[in-house]
Every structure is written in structure tokens, then in C-alpha cells.
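Visitor: Protein chains in written order, with our numbering: chain A, 1 to 453; chain B, 1 to 89.
One should not assume that every hint holds.
As the list claims (entries may be wrong) - Cut-off 20 Å, straight-line C-alpha distance, at most; resulting in silico cross-link-like pairs (SDA-like, lysine to any residue):
#, chain 1, residue 1, chain 2, residue 2
1, B, K61, A, E61
2, A, K58, B, N27
3, A, K58, B, N29
4, B, K61, A, T65
5, A, K410, A, A350
6, B, K10, A, E61
7, B, K62, A, Q4
8, A, K317, B, K10
9, A, K245, A, M321
10, B, K2, A, A87
11, B, K10, A, L2
12, A, K48, A, A87
13, B, K10, A, I63
14, B, K63, A, E66
15, B, K62, A, E66
16, A, K12, B, I47
17, B, K63, A, E62
18, A, K12, B, N29
19, B, K10, A, L8
20, A, K12, B, T36
Keep in mind that the hints were calculated from the coordinates and are not lab data. The structure presented is a predicted model; accordingly, all values stated were derived computationally and were not measured.
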Amino acid sequence: MLSQLEILETLKMFREEHLDIRTITMGISLRDCADSNIDEACRKVYDKITRCAEHLVKIGEEIETEYGVPIINKRISVTPISHLCDAAKEGDPVLFALTLDRAAMATGVNFIGGYSALVQKGYTMGEKRLIESIPEALSRTKLVCSSVNIGSTRSGINMDAVGQMGTIIKTAAEKTADTGGFACAKLVVFCNAVEDNPFMAGAFLGEGEGETVINVGISGPGVVKTALERLGKDADLGEVAETVKRTAFKITRVGQLVAQEASKRLHVPFGIVDLSLAPTPAIGDSVAYILEEMGLEVCGTHGTTAALALLNDAVKKGGVMASSYVGGLSGAFIPVSEDAGMIHAAECGALSLDKLEAMTAVCSVGLDMIVVPGDTSASTISAIIADEAAIGMVNNKTTAVRIIPAPGRKVGEVVEFGGLLGTGPVMPVSEFQSDGFIHRGGRIPAPLHSLKN
Amino acid sequence: MKAVISVIGKDRVGIIAKVSGILSESNVNILDISQTIMQDIFTMVLISDISSSSIDFTELKKKLTQAGDELGVSISVQHEDLFNSMHRI
């Protein structure tokens, strides 16, 4: 029989420590929707998404009621739309984005991801057209998220795509200047993108996935922070790691339970649980505060990378035994605008872009939700992407860049995005240029250790 | 199916009577009940069998939540599996 203390511990996690399931994401393959006629393809896409995800939101809410577990978002990820652009040679790819937006609204989900292209080695015609259409697609839709994979450990980095993405990000920001460049918050540039990521903006359904799948992303930085508070200031780092592991295990069990239930009730196979500590702008739900609880005055000071490495590893070690299938990005997220502690650290000057770059070498993603001045050049943005991609490529991990050059904004100002996306302080970039390097284009060869066979 | 019903809030007369009254009316059997006052806060955890309940889960949850509002305490009703998966391997 369960003890009262165990029950109260769980209740406290939900009531006071912001434990929640960040997302149930249904992956839907759209490969059978390809058609040379774009209108016909859009009709098939709309029909398939609304049919497969018809009950997603309702069942998510049922699980929330029965288990008393808040499920913040219900989302859909689809096959990279560039595949459909390859088949429909004529017609504007934005039509697909508008269709995805309509389908997302009809099913009631919070976001739909997959307006994507994987061009780590080269472009097909469809991929080229899709990437060119991203600024317009994101400025004309509300719920559509887009991602582009420009590099991988196996293929190297496609620097032509890196160069192009700088311009695409700038254009997307300018098209949504009235909202601080909001379109860029829905666009991720990846190196080593994963095929089963449930988190936005980077979710898409990869090549190796089936017809439909349920992936679940957990949250819970607040629970880890409180567990460390209880541990006290004098516990050594081995004990800190153990506490994080134990807490991550409990959090992940909730994710596993929700994933299994959702899969059973929707009659859709269970894919993975993503063991990510995903923060929200709510006070107490911050990854930065965990690092500060470990003994750093402010996140971003010396020691931050080491503390984050410990946290990221312990989360995985604790979580991996709690779930039968682990995947996605799995690790700690460090999005600046979505984390109260990161926002504070950036505002008080403790957290710089350079430190964040170092931190991305040891955590699950990359430079996430970074707001930079509106006059940052396209080539500087490309160079930031190239640096992140290099970290991902060499370390055999996923890295990503979600950067917002907020039009008309300068260092020291703040951009409000609202909701889960939070508030972004404008952070300085290097005043020196990188355009000569980006101008060269071509491909950075895959590193030696990619040759594993 | 077993449900964990937890009641947390300021102590007053009639909390247990009200909650167990609703459960009895709905044909829900109480399997285990424990109650303490922790730092002046009334805390009750009740494990119940709701498989023969005369009303569905959502309705039961609604009734208990309403009773909680009237009593000025917070009442939650959750499937037992949530706690089992978190605390038992």
C-alpha cells in the first residue's frame, strides 16, 4: 500500500513545484499525401491530419482529469513538408503551411511541426523551394513550426544552407517586425536533428518512423530544484547527482505512464519519452535556478558549464530506467526567454552568448530563444549557426539555433513573446564581422570520427 | 479501479463526514484512510475502490471538488496508478 508521505510528495510536485507533462506529440506520416497537384496534396494532408488526430486533444484532457497530471500542450509533428514539395513541382509551398495551420486549428492542438527540410549534405528542388518560403509561411500562420537540418556528424555541415538560413531568419524577423520578430521563435536550425523529438519548434516525423506515433515530453525543473534545496548546501556533488537521478526517475515515470495511456487510448504506437528538463517562464520552473541551487551565484558565471554537465547527465541516468523507450532530445533545455533564471542572468550581464555556446556543448540542445539586436547582419547569424553546428557535429550530439534578430531593438531592451515563449532580453553579439567566412559556402567535411564502420 | 483522494486545507468540523458522505452516496468503498494535522494543515489521504461507483469518474471528481470549495479545502482525485508508477518499480 502507498504511504501517506509518498502520496503527499507526489501531490506537492504537481501543486507547488510545477511538475507537468509538457507535451503529448502525435507524429503523423504524410508520405502518402504526396501528389504532383499541390491542391490535391493539401486536401490529402488536411484529411489525414484531422482524421488521425481527431481525438488527440480530448484524450489528452481525459488523462489529465483522471490522473490529475497537467498536460500543457498537445501537438502534432509531420513528415518534413519538403518531401511534398518535391512531388508537387508547381505551386507555392506556403499553401502547405496554410493547410497545416488549418488542420492544427481544427484538431485543437497547440502547435504543429514539420514545415521542415533536411539539407545537411545538399538540396533537392523541393527543399530549396520550402526553405525560401519559410519567412512567408511563418508570418502567415499561427501554429506552424519549421526546422532545417544543416549539418550532421555523418555528413558535415552544408555551409550554403548555413549562409542561406542567416538571410531566412532576418527576413522572417522583418516580416513579423510588429511582434518583435515572432516568426523566428517558430524556426529552428539543427545539426544532428532527431526524428522523434516531441518538442517545438523542432519537431518533425523522421524517415524511420511509422504511420503514426505518440511521443511525450516531460518537464519538471522545479521538482529538481526543490529536491536539491532539501539536500542542503554542504552535500557533495556526488550526492547532488544522486538526488537529481532519483528525482528524474520519478518525473520520467509520470511521462511513461501518460505516454502509455495516450498510446493505448488513441490506438497509436508509443514511440518515446523525451527526458528533457523543459523550463517555463513561471517562477520556480527554471533550469538556471537548479544550477544556482548547486552553488553558483548567478547562472552564467564560471562553473556553470560543469554544473550543467552534471545535471544533464544525472537527468538521463535517472530517467533512462524509468521509461521503456527513451529518445528525442533528452537532456536539460536552456532557452533564455523561457526560463526566469536565464532571463535574470542575461539581464544582469552574468550570461553571455559565448557562455551559452559553451553550455550547449554539454546539454541537450543549443542556443535557444536568444534575442539579438535587429541590426545583426545575416552573415553574423549564419556564423553563430555554424559555430553551434560545429559543436554538434564534432561532439556527435544535437545542437540547434533559435535566434530572433528583433527588428528595431537594441541591447538592453526586452521583447515580450507571451505564453510559454516568455520574455527575451536583447543580448549583444560580436561587433566583428564573419562575412568572408560565410561567403565561401561549400561543405565542411564530416569529422574523422564519423568514419565508424 | 482505485483512486487516491487527497484533502488538504484548514481544519474544521465535518470534512471527513462530508467527503465520506459523498463516497457512500456514490457507492465508492473506502479501502484505506489516513489523516494528520501537519503544521496546522489538515491532511487526509484516502484510497478508494471506484469500480462499482454509481457515477462516472468526472462526475465524482466534480462533486468532491465542489465539496472542497464549500469546506475551504483542496480536494484532488487521481488514479492510483500515478502514485504506483512514481514510487514503485
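Visitor: Now look at each hint and say whether the structure bears it out.
Guide: Comparing the hints with the structure gives:
Between the alpha carbons of B:K61 and A:E61 the distance comes to roughly 14 Å, so the proposed pair stays at or under 20 Å and holds. For the proposed pair A:K58 and B:N27, the alpha carbon gap of about 27 Å is over 20 Å, so the pair is violated. A distance of roughly 29 Å separates the Cα atoms of A:K58 and B:N29; the hinted pair therefore is violated under the 20 Å criterion. As the CA atoms of B:K61 and A:T65 are separated by approximately 8 Å, the hinted pair is consistent with the 20 Å bound.
With a CA separation close to 18 Å, the supplied pair A:K410 and A:A350 stays within the 20 Å bound. Restraint check: the Cα-Cα separation between B:K10 and A:E61 comes to about 30 Å, which exceeds 20 Å; the hinted pair is violated. For the given pair, B:K62 sits about 23 Å from A:Q4 by alpha-carbon distance, which is inconsistent with the 20 Å threshold. Between A:K317 and B:K10 the CA atoms are separated by roughly 40 Å; this puts the pair beyond 20 Å, and the hint is violated.
Annotation: proposed proximity of A:K245 to A:M321 holds, straight-line Cα distance about 10 Å (limit 20 Å). Of the pairs offered as hints, the one joining B:K2 and A:A87 is violated, with about 52 Å between alpha carbons and a cut-off of 20 Å exceeded. With a C-alpha separation of about 24 Å, the suggested pairing of B:K10 with A:L2 is violated against the 20 Å cut-off. In summary, the hint linking A:K48 to A:A87 is supported, as the alpha carbons are separated by about 17 Å, within the 20 Å threshold.
Between B:K10 and A:I63 the alpha-carbon distance is near 29 Å, which puts this suggested pair outside the 20 Å criterion. Proximity of B:K63 to A:E66 is assessed by CA-CA distance (about 14 Å); at most 20 Å being required, the pair is judged to hold. As the CA atoms of B:K62 and A:E66 are separated by approximately 12 Å, the hinted pair is consistent with the 20 Å bound. Restraint check: the Cα-Cα separation between A:K12 and B:I47 comes to about 18 Å, which is no more than 20 Å; the hinted pair holds.
Between the alpha carbons of B:K63 and A:E62 the distance comes to roughly 17 Å, so the proposed pair stays at or under 20 Å and holds. Distance restraint check for A:K12 and B:N29: the Cα-Cα separation of roughly 26 Å exceeds the 20 Å cut-off, and the hinted pair is therefore not satisfied. In summary, the hint linking B:K10 to A:L8 is supported, as the alpha carbons are separated by about 16 Å, within the 20 Å threshold. Of the supplied pair hints, the one linking A:K12 and B:T36 holds, its CA atoms being roughly 16 Å apart against a limit of 20 Å.
Checked against the numbered hints above, the structure breaks hints 2, 3, 6, 7, 8, 10, 11, 13 and 18 and satisfies the rest.
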